[in-house]
Amino acid sequence: MAALTRAIESEAGTPPRPNRRPRSLPGWRWAILLITAVYFLLPLWGALRFSGVSAFGAVISEAGFGSSLWLSVRLAIVTTAITLALMVPTAVYVHLRLPQLRRVLDSITILPVVIPPVVLIIGVLQITRVAPSLQSSPYLLALEYVILSMPFAYRSIDAGLRSLDLKTITEASNSLGAGWVSTLWRVILPNLTTALLSATVLTVALVLGEYTMATLDLFQTFPVWIVVNDQVSAQVSVAASLLALFVTWLVLMLITLVGVRNSRRRGGGEVTLFTAAAPQTIGN
Amino acid sequence: MGANEIAANAAGVDNPEASEAAAGVAVTSEAAGARGGTSVSLRNLTRVFGATRALDEMSLEIAPGELVALLGPSGCGKTTALRIVAGFEYADFGAVLIDGKDISGVPAAKRDMGMVFQSYSLFPNMSAQENVAFGLRMRKVGGATRRKRAAELLDMVGLAAQAGQFPHQLSGGQQQRVALARALAIEPRVLLLDEPLSALDAKVRLQLREQIRTLQQRLGTTTLFVTHDQEEALSMADRVGVMRAGRLEQVAEPAELYSRPATAFVAEFVGTMNRLPAELGGGGTAVTVLGVTVPAQEGGPSSGPVDALVRPENLAVAAAEDGNGIVTGRTFLGAVTRVAVRLSGDTEVAVDVSSAAAAAMAPGTAVQVSIPEGPVLVAARTSD
Chain A
1 MAALTRAIES
11 EAGTPPRPNR
21 RPRSLPGWRW
31 AILLITAVYF
41 LLPLWGALRF
51 SGVSAFGAVI
61 SEAGFGSSLW
71 LSVRLAIVTT
81 AITLALMVPT
91 AVYVHLRLPQ
101 LRRVLDSITI
111 LPVVIPPVVL
121 IIGVLQITRV
131 APSLQSSPYL
141 LALEYVILSM
151 PFAYRSIDAG
161 LRSLDLKTIT
171 EASNSLGAGW
181 VSTLWRVILP
191 NLTTALLSAT
201 VLTVALVLGE
211 YTMATLDLFQ
221 TFPVWIVVND
231 QVSAQVSVAA
241 SLLALFVTWL
251 VLMLITLVGV
261 RNSRRRGGGE
271 VTLFTAAAPQ
281 TIGN
Chain B
1001 MGANEIAANA
1011 AGVDNPEASE
1021 AAAGVAVTSE
1031 AAGARGGTSV
1041 SLRNLTRVFG
1051 ATRALDEMSL
1061 EIAPGELVAL
1071 LGPSGCGKTT
1081 ALRIVAGFEY
1091 ADFGAVLIDG
1101 KDISGVPAAK
1111 RDMGMVFQSY
1121 SLFPNMSAQE
1131 NVAFGLRMRK
1141 VGGATRRKRA
1151 AELLDMVGLA
1161 AQAGQFPHQL
1171 SGGQQQRVAL
1181 ARALAIEPRV
1191 LLLDEPLSAL
1201 DAKVRLQLRE
1211 QIRTLQQRLG
1221 TTTLFVTHDQ
1231 EEALSMADRV
1241 GVMRAGRLEQ
1251 VAEPAELYSR
1261 PATAFVAEFV
1271 GTMNRLPAEL
1281 GGGGTAVTVL
1291 GVTVPAQEGG
1301 PSSGPVDALV
1311 RPENLAVAAA
1321 EDGNGIVTGR
1331 TFLGAVTRVA
1341 VRLSGDTEVA
1351 VDVSSAAAAA
1361 MAPGTAVQVS
1371 IPEGPVLVAA
1381 RTSD
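Same order as they appear, the protein sequences are chains A and B. For the first sequence, my numbering gives the first residue as 1, with consecutive numbering after it. For the second sequence, my numbering gives the first residue as 1001, with consecutive numbering after it.
A hint or two may mislead.
Here are some of the chain A residues that sit facing chain B, going by a computed Cβ distance under 7 Å [said to hold, decoys possible]:
#1 Gly57
#2 Ala58
#3 Ser61
#4 Glu62
#5 Ser136
#6 Pro138
#7 Asp165
#8 Leu166
#9 Ser175
#10 Gly177
#11 Leu189
#12 Asn191
Hints are computed from structural coordinates only; laboratory data are not their basis. Nothing here was measured: the structure is a model prediction, and the numbers come from that model. Glycine included, C-beta positions come from ideal geometry on N, C-alpha and C.
All chains, please: the whole structure from these sequences, using the hints.
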């Protein structure tokens, strides 16, 4: 994730940074880059050495690998769908009609970061009492993950909306005969592609890596399977972790590249994972 | 802009051929699907924001095919009035009638009004052609027809070559022209222009001003145009409504607005106006100013000390050893030069004279400023 959460050039028009090259100390830059690279890559290299190349082949045939990975993927899809369906209309409505509530919403959406996961789980279990079948379903986790991903998804969408003159384009769309659904579908969402991709990437990454809630709820998602399998075969478990890391990284890069390509075509400027409005961006 | 230029513009607004030649546009009413003009009636519109009355029983009648400009300083309520007509704001009291039918409860999307906004409002995800075709798409016009009409409209605003470009690839002036084409594509009953030129540089503003006026006249689209720029209002509109504090001070043709302002506010907001200390007598019918008694225009105070309001081009100035003022500065405006004179009593006035005559009036020259014979507008004294 660290590689993806680099600094952002804002679509909203953050002035380009002056191209200052510290000519007197060019070596420092390489030194910092080297230290950072070692810090991130050394553990990966250690893990790779520990597991050995042959363990990668064994991962796929391990019991539970396919089912747990598939569960995590399904949860990622469902969580992303619920998150976007909830957050996009909310953020758009607040931007257009209740701008004075933006600070309140900012504060509310940060709560899941400070509330312990176990409290969130109890809260969700209390609410879902009305649907016992849901409580025994792994999709219960999706509801919990929606809460967890809210700070990241909301901020991505909020930043995307800030980069648009939302009021004007909405009114322009209305005056041309488009109702609210058409305006949202044809005008607002296509201009939020990067923000939506950013929210998707963060949500998917969070779901694919979440362990605490899954294990407390006794569902074997992929991260839980890795930990459980660690007691059977440490090498295979580490190989699975590495495999998951690389596959996730590839998927995230792919999503980001698609977003950048679309954004360039539409003149969105330089876009990275956290899209526009750098001051609102959360480091991860 | 010099006062003479304003007067010239005000007098010569109706010259579509000349304007078209200047803008270089080929206009066909078929291209934009012109329809018969629509009348617009604003009846006692009142809108209150907290303690502020943005609109205070404002009424205005716009004839079919007419272009009316609402002119006024920031916060006078002109944009609120436009937004109420568009359906983006509601009036606390009053009604908006289109062809005699009250549309107050009709949502913006169903009002059939084309609007060009002050800020660039093109949809960033669509090309110029897609932007223009958007309104037609919402009206379920078929793809081929949509593309054809969008191409015609882009051609009409001189941007046929830019049809495939996205907004970020267009200049500000081009974006506003696409926005105009987009607003006209839906064959609007009323065209609403919310300071569409204010973000553009002077040269582009002038070109686009002429282009908008030309298209509006050819298509006969009833248009409400909001601006704080008097030059724009006077040069483009059939009639101009000057607004102040939510009310219309005067609605008149540009030339009349300039030459016969109804109130001191209109007089001073439109063009340049001198305030000269004067004494009102004869029951409010005669005013003594600069030692001369002239008729007072109706509508002012009835007696006592007042200010006479006189335009720079209506004052006369000539070098005179024992004159009533001293030249303090000159501003060359082309054919005329505006001479600043300090009168006895420290009143500063501006007088327009031919540039040839102004050559003899260097700063420090003693001059005699005199007032014309005709009636002058008077207002409560503020010149002290």
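Here's how the hints hold up against the structure:
1. Gly57: At about 45 Å, which exceeds the 7 Å cut-off, the nearest Cβ of chain B leaves the hint on Gly57(A) violated.
2. Ala58: violated (47 Å)
3. Ser61: violated (46 Å)
4. Glu62: The hint is violated - Glu62(A) has no Cβ within 7 Å of chain B, the shortest such distance being about 45 Å.
5. Ser136: With a closest approach of 43 Å, the Ser136(A) hint is violated.
6. Pro138: violated (37 Å)
7. Asp165: Hint on Asp165(A): holds, closest Cβ of chain B at ~6 Å, below 7 Å.
8. Leu166: violated (11 Å)
9. Ser175: This hint holds: Ser175(A) lies near chain B, its Cβ roughly 4 Å from the closest one there, short of 7 Å.
10. Gly177: holds (4 Å)
11. Leu189: Check failed: Cβ of Leu189(A) comes no nearer than 9 Å to chain B, outside 7 Å.
12. Asn191: OK, holds: Asn191(A) within 7 Å of chain B, min 5 Å.
Checked against the numbered hints above, the structure violates hints 1, 2, 3, 4, 5, 6, 8, 11; every other hint is satisfied.
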